[in-house]
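Enquirer: Chain by chain, the residues:
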Amino acid sequence: MATAIANMFRIPELRKRILFTVGILAVYRLGIFVSTPGVDRHVMKQLLNQPNSGSFATLFNFFSGGALERLSVYALGIMPYISSSIIMQLLTVVIPTLERLNKEGDQGRRKVVQYTRYGTVVLSIIQGTGIAFWLERLNYQGNSVVRPEWAGWGFRFVTVVSLAAGTAFIMWLGEQITDRGIGNGISLIIFAGIVARLPNAVIESSTYLREGLIRPFTAVGLLIVSIAVIGFIVFMERGQRRIPVQYAKRVVGGRSYGGQATHLPLKVNTSGVIPPIFASSILMLPASMAGFAEWGWLAKVRDTLQGDGFAYHTLYVLLIIFFCYFYTSVTFNPVDVADNLKKFGGYIPGIRPGKATADYIDKVLTRITFGGALYISAVCVLPSILVQQFNVPFQFGGTGLLIVVGVALDTVQQVESHLITHHYDGFTGPRGPRIRGRRVSIPGAPVSP
Amino acid sequence: MSPVQPAPPALPASATPFRTRLNRAVRRWRGERTAYGLEPFATTLRALERTDLRALADAELLARARALRGPTPDETAVFALVREAARRALGLEAHACQLAAGLAMVRGRVAELPTGEGKTLAAVFTAVWHGLSGRGVHVLTFNDYLARRDAAWMGPVYRLLGVTVGCVQEGQSAAEKRAAYAADVTYGTAKEVGFDFLRDGIALDADPCVHRPFHAVIVDEADSVLVDEARVPLVLAGVDEGGGPDVRRVVELTRGMQRGVDFETDAEQRNVFLTDAGARQLESALGCASLYDGTNQGLLEAAHCALHAHALLHRDVDYLVRDGRIQVIDEFTGRIMEKRHWPDGIQAALEAKEGMDRRTRGRVLGSITLQHFLRLYPHLAGMTATAQAAAEELQAFYRVDVHVLPPHTPSHRTDQPDAVFTHQAAKRRALLDEIGRVHATGRPILVGTLSVAESEDLAAALQAAGVRCAVLNARNDQEEAAVIAEAGALGAVTISTNMAGRGTDIRLGGSDERERAAVVALGGLYVLGTNRHESVRVDRQLRGRAGRQGDPGSTRFFIALDDDLFRRYGLTDAVFARHGLQRRDGEVDHGGLRADVEHAQRVIEGQCFDIRHDLFRYSNVVEQQRRLVRARREAVQRGDPEARAWEAAEPQLYARAVARWGAARAARVERNAHLLALDRAWAEHLCWVTDTRETVHLVSLSGQTPVVEFRRWCTEAFARRMEQMDQDLTGALAGVLAREDAALDELEHARGPSSTWTYLVNDDPFQSGFELLKGGALGFSAIAAGVYGPLLLAWLVVRRWWGGKRGGKPA
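Note that the protein sequences, when read in sequence, are chains W and D. Number 449 marks the last residue of the first sequence (this note's numbering); no jumps. Number 811 marks the last residue of the second sequence (this note's numbering); no jumps.
It cannot be assumed that every hint is accurate.
Said to hold, decoys possible - To give a feel for the contact side, a few chain D residues facing chain W, derived at Cβ under 10 Å:
| no. | residue |
| --- | --- |
| 1 | 271 |
| 2 | 292 |
| 3 | 295 |
| 4 | 297 |
| 5 | 301 |
| 6 | 302 |
| 7 | 554 |
| 8 | 694 |
It is worth saying that the hints were derived from the structure and are not from the lab. Heads up, the beta-carbon is just placed ideally off N, CA and C, and yes, glycines get one too.
Next comes chain W alone, as it looks inside the complex (with noise of 0.2 Å):
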């Protein structure tokens, strides 16, 4: 491992692109404190503070790292982007136009990125035009969340130049990780928004440990159990169950070893880090809603799926389980995988091609998506039960450490990618290959001549 550290560094491409990545994300987190003129953020912050003050406020504070209690020009986030993305993929199935230029290869792709930038620029003058229409009524206790000196169409002016700004400058420093930097630039900015909070728990956790609200002991033990249950995740994500194939395409001259053997790989958790947010979200439904509406049965509902409450907990676990097998359905389709199989002459061997093989992967998947679900339930689930019996200030778990593991992870193979990409680079030289790999099995490579 610290001869892949060290390797990072030697290699000048791989240096800048990290030293880059590191540079955007600074920059990022500076804009955080820059607000949108004419907020009073500690107004703000209490009313943020509140409980069940609306979850979905809660939910986006959260993913933008804390920009919308600052209110800072990151407070629309990146969800416009996600947003346009979503509406282009939408209007991709509906509209022929689109369909034909994302079919057309990399020009046609290309015009479909470039109109949902437009589209996001579109949506988040619209969501901010909401935003200051909202703040305007927000109060708390009686306190506007707008600077008296402000209000009127200047600052609703304001506010929407600003965010639709912010959200175009976040856009755009995605967009420069990804193409100049390593990794995913959004999800990178997504990452770098959630482990913010990192250094804020532990300076509160420190805080409550000299004031004795919590012992030492359950501390440490927290600790070691966050470390193993990143260490469980990290596992369990790799994981892959592998089918073997064989191909019988054609035969290229002379081979020593008969038929290449190849492995169809599963993983065991296909669908990500998706079911537990679906779960979340639906659970949150009547929450949201009884703010709106006044109807006295929603608002039983609501009590009775109290964030803590064992009933909760229960459902959260069986609609994660729901979810897992249902979204691996949608993207997963084993028919397609068996012809798939079947047109470049691969088969499992002892199965037939076609519905036979369709009907094996489909067996093989629905037991290891079991496997899934109670992992992610787990990790999950777990966490929330022990912070609430040792009354930990900070949350650990769930889907935000999915997510940041699940980005970390992405990223280093990126930085293996392109370490394997130069491993040849001054190997010529008469001092031999500067780079030294790592072992890694690999399907059908010769164990013996």
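With chain W held as given, fit chain D onto it using these hints.
Expert: Same frame as chain W, but now just chain D:
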């Protein structure tokens, strides 16, 4: 004698239409670095204009040329000398555009010079400039015939300047080739030079090596060689004794199989596979329980090869049977490719299908892509008539820019709008009518078809209608010069494949231009295309055959909506639907239809670009490994101390060997053993790479990127194989010692004759429209799911079940 021509005035700005200038400005802003016109070379051109060497004697020219030899000769001086030599030796007057093209190529660019402007002469300028450096330049032409012709034609010019010329042809001996490469200027084809390079890479000592270190290359028809043909790698195959399944029996069984019942192909006709019914039929015939239980791998492979030969390869389209052998027709040039064949199993199946004996059996010895091969040259330049369309790709893969030059005499060619028909029969009828009508006036016609079969079909139909015509296709490519020379004569009708696009010039009024005035009066050559090709450039080349050097001419394309091109990419139905068309006999004249056709072509070209880009990314890591092996090989051949495996690893054993056989012989044995081990390891590695390349796309199912995983596996496999080889090598020494002299001879044996083959690369199959929420952008998908949860859920539900009803995933 004509006076020295003044350089034409730089094109006045108003001559270039505003839209074109705007277009170019936009492209420049986007980062494209194509240069236009003669201005960049104005100073040199003016200097050349002022120089007049007519007074010098031949011997003086030679002396001056010799004096200029050195690493970077003075451009003006060299060009002036060459111009004078061309005037004296050939009577050709080089005009400013040719000079500019030569200058552009000296600067390492691809010059776009319209057809018939004399690219051959332009190349001579650059070749002499590089040749005087003494390190050699390769001029790569489109085929063997052109290489021979150009070397002979331009020979006198080179001789006047004391520059030696060589020409490399298929079938020459090593000594002849070495002499050719040792010359200052060497003409040859890209493939032949490439294969020579590969053959050098498996030579045991310096003797059979023909190449000297690469310095400069000028590529003729640069867009065809650098772009179109870059898709297919050069593979050197050696004779292999054993192995390979016996496909004969299986071929017999597949002969009776029918598409749709026993086997299926995919839409693009690149893959074929058995259906259930077909599999069971084979199983009962072969007497095995199941083809798919893992033990009948060989039979299954044989079945696939047999099906491929049966269903995907068609006689007279993809190959010819001539002289009792199968000859491959190159897809892009339409010509026969000597010594090329399909990968083993398919070749065997094809031979069985045509009832021939098993002839070739090969083992991969070395391979390189044209892209990587041409990048080995420090100086790369090229010329073509259609470079602009490929500018981006040239910049991306080879880092060369394009320089567009204006024609010396403005073009008087008219490109008539395409005639679009709804089905083949209608198109055919209209085509025959048109040919009949134009032929009656006596105007010469050139028809470009898509395949040998089509050209012969059309010729037969025309003969039946009483029109005399000449056919030029892969079958009679030796007569190309003769046929093409007469294609411009009065009343000539020539049917050809895309061979006609490049090569010999077509002069109006016959090869000696005796009826030129008459033909010009009729409007010049009339070029008809029967299909659009996958690449816009091939079409443009065909068009360029009319209207060379200011001659009048016109072109027209006849297109049917159920042409191969549209059908293969599934666009027929889309176009029909979009314009609400019905099957009709006459020409269709819808407004947006032509735009759609052109758009379809662009899309397909974009897909081809994707394939090439793919090939590039996958072949990158293998290329780096190849260079490593090559470097090591050269170290062993030179006898470098650190490459002496045995001496270093087993000094005592080595001392015994020296004592028994003498130092020199021991050293040679060690060297040969080392080289053979390296070659064997590399050959196996290439096999492994080919197999892995075709199966690596499966990893995309678990969210990983195939290219990345491929690179990783390749690197590890290579390292492991090299280690293994080193161990085996040191172990072999003891074995050799034990087995005495017999083993020694074995190690000193020569390699068998080698042939070559090429194969196409598969695309990456897994495409899904729903990339957004997949693994890829993790944080992105998380937020999307969080905020739009319910909406997305609803949409997923709809998509899954509604899409299922429609029979497959939408989009």
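Enquirer: Hints first: check each against the structure and report whether it holds.
Expert: Hint-by-hint comparison with the structure:
1. With a cut of 10 Å, the hint placing residue 271 of chain D at the interface with chain W holds, because the nearest CB-to-CB distance is about 5 Å.
2. A hinted interface residue such as residue 292 of chain D counts as satisfied when its beta carbon comes closer than 10 Å to some beta carbon of chain W; here the least separation is about 5 Å, so the hint holds.
3. Look at residue 295 of chain D: its Cβ gets to within about 8 Å of chain W, closer than 10 Å, so that hint holds up.
4. A hinted interface residue such as residue 297 of chain D counts as satisfied when its beta carbon comes closer than 10 Å to some beta carbon of chain W; here the least separation is about 4 Å, so the hint holds.
5. Hint on residue 301 of chain D holds. Least Cβ distance to chain W is approximately 4 Å, under the 10 Å limit.
6. With a least beta-carbon distance of about 8 Å to chain W, the hint placing residue 302 of chain D at the interface is held under the 10 Å criterion.
7. Of the supplied interface hints, the one on residue 554 of chain D is violated, with its beta-carbon coming no nearer than about 31 Å to a beta-carbon of chain W, more than 10 Å.
8. For residue 694 of chain D, the suggested interface contact is upheld, since its CB lies about 6 Å from the closest CB of chain W, less than 10 Å.
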